[in-house]
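*Asks:* Listed below are the residues making up each chain.
2 protein chains.
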Amino acid sequence: MLNDEDLGKILGDTGLAQFGDSLLNFAYSIALTETTGRPRGTKIQDKILADAAAKAGLRKHLPRRVGRGDVANSLEALLGHVWLQKMITLEEIVVCLKTENLDPSKNFSALVEIALSKLKQQS
Amino acid sequence: MLNDEDLGKILGDTGLAQFGDSLLNFAYSIALTETTGRPRGTKIQDKILADAAAKAGLRKHLPRRVGRGDVANSLEALLGHVWLQKMITLEEIVVCLKTENLDPSKNFSALVEIALSKLKQQS
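The listed protein sequences derive, respectively, from chains V and X. Each residue of the first sequence is one higher than the last, beginning at 1 in the numbering used here. Each residue of the second sequence is one higher than the last, beginning at 1 in the numbering used here.
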């Protein structure tokens, strides 16, 4: 089982968050391009990621009094980690992000749940 | 053979440039992470891309009097196009960007040359 300390380290890793940011922006750009049938690229807003992280319960693994940017970073770091550890593929992320959803943060919170379950299985 | 008009359309496509931006930032983040052994993420500077596009001769396919941003965009659009058309893989891009080079724009100009040759072969 993954312990809370290890999870906390992953979620607070700035390099991982930067890496995960580029991963998620690319995956989201592919999802948008495939859904709309036209090439698109976009940067996901921190608010959407922070909402998703809160919905999926990541906040309780973070230090108190962290700001929205850090909450968003924790989601990016988590996804960056599971991708680098080959626990999830780019295609799996894209499929999840292509799900039709009125609230875009729901797809990202689903991603967090997948990432956490993979992390718990394999550690 | 690819004609100049078609190439000009690809190079000037804003959506493709946005898509290519997310692709290249992710590929460059993987290259940095694998080279340094630590997760990193970064946004490639327009200056580096514009220098690379000029080196690889893309400028002559662009309208006159375009600014540095548009020149950088043309490189992103070209790479976005060849990736979406499955003429190049993410792994091939990463390998090219991992080449040790004192001048980082050289790896990007090598990428442009690869992309142009693939485009000419397959069209």
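Since the hints were derived computationally from the structure, they do not count as laboratory data. There's no promise every hint is true.
Claimed, not checked - Heads up, simulated EDC-like pairs for lysine to aspartate or glutamate below, C-alpha to C-alpha not over 20 Å straight-line:
| # | chain 1 | residue 1 | chain 2 | residue 2 |
| --- | --- | --- | --- | --- |
| 1 | V | 43 | X | 70 |
| 2 | X | 43 | V | 46 |
| 3 | X | 86 | V | 92 |
| 4 | X | 86 | V | 46 |
Said to hold, decoys possible - Which residues of chain V face chain X? A few of them, derived with a C-beta cut under 10 Å, are:
| # | residue |
| --- | --- |
| 5 | 2 |
| 6 | 43 |
| 7 | 63 |
Glycine residues also receive a C-beta, built at the ideal position from the N, C-alpha and C atoms.
*Asks:* Take the hints in turn and mark each one as holding or not.
*Replies:* Here is what the structure says about each hint:
{"no.": "1", "hint": "V:43 with X:70", "verdict": "holds (19 Å)"}
{"no.": "2", "hint": "X:43 with V:46", "verdict": "holds (17 Å)"}
{"no.": "3", "hint": "X:86 with V:92", "verdict": "holds (18 Å)"}
{"no.": "4", "hint": "X:86 with V:46", "verdict": "violated (31 Å)"}
{"no.": "5", "hint": "2", "verdict": "violated (18 Å)"}
{"no.": "6", "hint": "43", "verdict": "holds (8 Å)"}
{"no.": "7", "hint": "63", "verdict": "violated (20 Å)"}
In terms of the numbered hints stated before, the structure departs from hints 4, 5 and 7, listed from lowest to highest.
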